[in-house]
Amino acid sequence: MTLWVALTINYALPRLMPGNPVQTMFARYQGKVSPAAIHSMELAFGLKTKTGTFGQYIDYLHNTLTGNLGVSFSYFPARVSTLIGGALPWTLGLVGFATILAFVLGTGLGMLAAWKRGTAGWRRGSIVDSGLVPFGLMLGALPSFWISLILLYFVAFKMGWFPIAGGITAGQGIMNWPGFVSLIHHAALPAFTLTLISMGLWILLMRNNMLSVLGEDYIKFARAKGLKDRTVALHYAGRNAVLPVFAQLALALGVVVGGQVFIEIVFSYPGIGNLLLQAVENEDYPLIQGIFIIFTVALLLANFLADALYVFLDPRVRVEAGK
Amino acid sequence: MNWAEIRHNPRALVGASILLVFILMALLAPVIVPYSPTYILFTPNLAPSAHHLLGTTVNGQDIFSQLIWGTRESLFVGFICATLICLIQLVMGVFAGYVGGVFDIVATGITNVFLVLPSLPLLIILAAYLQGGSVFVLIAVIVVTGWAWGAKVLRAQAIALRDRPFIQAARVSGESRWHIVLTHVVPNMLGIIFSNFFGAALFSVLAEAGLEFIGLGNINDVTWGTMLYWAQEGQAILLGEWVWLLVPGLCLALLGTAFGLLNFAVDEIANPRLRRT
Chain L
1 MTLWVALTIN YALPRLMPGN PVQTMFARYQ GKVSPAAIHS MELAFGLKTK TGTFGQYIDY
61 LHNTLTGNLG VSFSYFPARV STLIGGALPW TLGLVGFATI LAFVLGTGLG MLAAWKRGTA
121 GWRRGSIVDS GLVPFGLMLG ALPSFWISLI LLYFVAFKMG WFPIAGGITA GQGIMNWPGF
181 VSLIHHAALP AFTLTLISMG LWILLMRNNM LSVLGEDYIK FARAKGLKDR TVALHYAGRN
241 AVLPVFAQLA LALGVVVGGQ VFIEIVFSYP GIGNLLLQAV ENEDYPLIQG IFIIFTVALL
301 LANFLADALY VFLDPRVRVE AGK
Chain Y
1 MNWAEIRHNP RALVGASILL VFILMALLAP VIVPYSPTYI LFTPNLAPSA HHLLGTTVNG
61 QDIFSQLIWG TRESLFVGFI CATLICLIQL VMGVFAGYVG GVFDIVATGI TNVFLVLPSL
121 PLLIILAAYL QGGSVFVLIA VIVVTGWAWG AKVLRAQAIA LRDRPFIQAA RVSGESRWHI
181 VLTHVVPNML GIIFSNFFGA ALFSVLAEAG LEFIGLGNIN DVTWGTMLYW AQEGQAILLG
241 EWVWLLVPGL CLALLGTAFG LLNFAVDEIA NPRLRRT
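Residue numbers (the working numbering), protein chains in the order written: chain L, 1 to 323; chain Y, 1 to 277.
No wet-lab data here; the hints were simulated from the structure. It is possible that some hints are incorrect.
[To be verified] Straight-line distance between alpha carbons at most 25 Å, and here's what the computed SDA-like set of lysine to any residue pairs gives:
{"no.": "1", "chain 1": "Y", "residue 1": "K152", "chain 2": "L", "residue 2": "K116"}
{"no.": "2", "chain 1": "L", "residue 1": "K158", "chain 2": "Y", "residue 2": "P48"}
{"no.": "3", "chain 1": "L", "residue 1": "K116", "chain 2": "Y", "residue 2": "E233"}
{"no.": "4", "chain 1": "L", "residue 1": "K158", "chain 2": "Y", "residue 2": "Q235"}
{"no.": "5", "chain 1": "L", "residue 1": "K116", "chain 2": "Y", "residue 2": "R11"}
{"no.": "6", "chain 1": "Y", "residue 1": "K152", "chain 2": "L", "residue 2": "D217"}
{"no.": "7", "chain 1": "Y", "residue 1": "K152", "chain 2": "L", "residue 2": "P178"}
{"no.": "8", "chain 1": "Y", "residue 1": "K152", "chain 2": "L", "residue 2": "K158"}
{"no.": "9", "chain 1": "L", "residue 1": "K158", "chain 2": "Y", "residue 2": "E233"}
{"no.": "10", "chain 1": "L", "residue 1": "K158", "chain 2": "Y", "residue 2": "R11"}
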């Protein structure tokens with residue numbers, strides 16, 4: 001359902017917008033290529049079909065669903081699917097690694113903040129909590145492109161500790177040791193930045209959930225039994241508090257994807273975000289559309305996986321669903 | 001939610017103070033700035049000095065004047081977008097949750113779709129198609145992509161309030177639906193609405209600066225986003241002009257933190273479970 005709406009928006013957008021992308025493109029080609037070449041390109045891009053708007057729409061849906069995303073304008077004659085396929089692994093690697101790291105660190109810190117505060121007794125608040133909350137808020141307010149620029153300048157350019165652009169040393173394969181080291185070396189700063197900006201959300205969500213859970217009677221009981229603080233925090237409160245946080249993955253992925261696009265742009269990382277900016281700058285409409293579809297499909301898939309995993313993690317949901 | 005609680009919440013106080021400083025900076029910008037922010041005939045690449053507090057850019061502009069001036073558009077965009085986003089959320093979230101029925105089903109469907117659409121890529125694509133470059137285009141684009149999450153939260157809250165006795169009493173006394181929503185439902189969820197407002201402002205300010213940074217705004221406006229755009233274009237990194245890179249982002253982060261603090265503090269005040277010690 002969402003996919004269909006996204007596809008339709010994607011189809012309608014360039015056609016509703018002022019200015020005709022196709023004319024823009026042909027204006028740029030005027031005089032450079034022969035009329036015959038333009039004619040053949042029109043045919044190739046499906047611009048001169050006589051099927052009418054509805055027919056075009058059906059064709060578009062059919063093509064997209066069968067993985068035919070068309071041909072790029074700016075990298076002609078490369079296919080959009082090839083370009084995206086080349087960029088996708090870079091982005092997935094970075095996003096996957098940073099999201100997991102941010103989730104683990106963020107929920108850990110959030111748990112700590114809530115525990116310190118929840119057990120502080122009548123002296124409301126604790127130093128750890130009153131430090132971690134503004135820290136988390138600040139991380140969430142950091143413009144990703146700015147923090148990337150600053151790191152790029154001070155750590156990569158001034159100190160020379162990390163490369164300032166690219167994903168791997170040119171001409172290097174990843175299937176050998178120096179290639180692998182180069183890959184990690186290039187990915188370190190972008191991954192660090194992405195982890196940093198997405199961590200704040202986890203800290204705050206986890207802290208608030210954990211505070212609610214710490215007020216429950218079974219926590220009081222567990223402490224009264226004389227269980228160790230560690231056991232109560234991790235196995236009694238933490239396990240229950242982390243579930244609703246996990247359910248917020250959809251929201252968090254939006255933040256991560258947004259940050260990712262800017263980070264790739266600043267670090268000239270060869271992923272989807274960078275490809276999107278190039279496509280936008282070159283007015284490469286097939287490529288823009290293709291990238292938007294990939295983003296939507298990826299987010300839908302991630303949501304679906306998160307839901308499935310949630311059912312697996314939380315027995316209560318399983319029982320409800322089984323009824 | 002009342003003023004005494006806000007006064008005694010340190011996070012709300014700090015957030016409000018930072019915001020107030022920025023508002024004053026924006027309002028008094030014409031008085032404060034030592035030079036016109038668009039004047040370009042200073043010696044380029046000056047280091048910070050008494051004449052140019054933060055130095056000058058590659059293009060010979062005074063960085064301090066640009067920084068002060070840039071406050072205006074960020075605040076303007078933040079407040080306008082957050083207001084518009086709140087209005088949409090009022091209809092798609094609060095009203096839909098309260099009335100239920102077909103309207104609610106349709107509104108929830110639309111909200112769920114916007115929730116999954118990747119907002120930042122959509123933002124970039126929309127801004128690219130609408131190459132007007134005017135700030136109003138940016139505002140429209142940000143509002144369209146930024147309302148869904150809050151609408152979902154507000155709807156849940158409106159449904160929780162819907163069957164409370166005082167709302168039922170209002171319904172029985174024959175008041176109109178919008179009247180009930182505005183005078184009975186909304187006042188009882190003001191905390192969440194304000195918290196959402198500051199969250200939306202944070203999103204809008206960052207989104208606007210981001211779009212301008214990659215050159216999708218009007219690059220001739222003086223804003224924090226365009227300052228960073230020109231710093232990037234002007235090879236500030238290679239020239240070692242780190243002040244130029246540092247200060248606009250620092251202001252963005254500060255303003256964002258202020259909105260974040262207010263968002264968090266209002267939520268905390270409105271939600272007693274978070275206050276339990």
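To see whether the hints hold, each was checked on the structure:
With a C-alpha separation of about 32 Å, the suggested pairing of Y/K152 with L/K116 is violated against the 25 Å cut-off. With a CA separation close to 19 Å, the supplied pair L/K158 and Y/P48 stays within the 25 Å bound. With a C-alpha separation of about 46 Å, the suggested pairing of L/K116 with Y/E233 is violated against the 25 Å cut-off. Distance restraint check for L/K158 and Y/Q235: the Cα-Cα separation of roughly 14 Å lies within the 25 Å cut-off, and the hinted pair is therefore satisfied.
Between L/K116 and Y/R11 the CA atoms are separated by roughly 18 Å; this keeps the pair inside 25 Å, and the hint holds. Proximity of Y/K152 to L/D217 is assessed by CA-CA distance (about 30 Å); at most 25 Å being required, the pair is judged violated. Under the criterion of a C-alpha separation no larger than 25 Å, the hint pairing Y/K152 with L/P178 is inconsistent with the structure, at around 49 Å. Distance hint between Y/K152 and L/K158 is unfulfilled; the C-alpha atoms sit about 46 Å from each other, more than 25 Å.
The hinted pair formed by L/K158 and Y/E233 meets the criterion: a straight-line CA distance of about 19 Å does not exceed 25 Å. Our distance criterion of 25 Å between C-alpha atoms is broken by L/K158 and Y/R11, whose separation comes to about 36 Å.
Violated hints, listed in ascending order, are 1, 3, 6, 7, 8, 10; each of the other numbered hints is respected by the structure.
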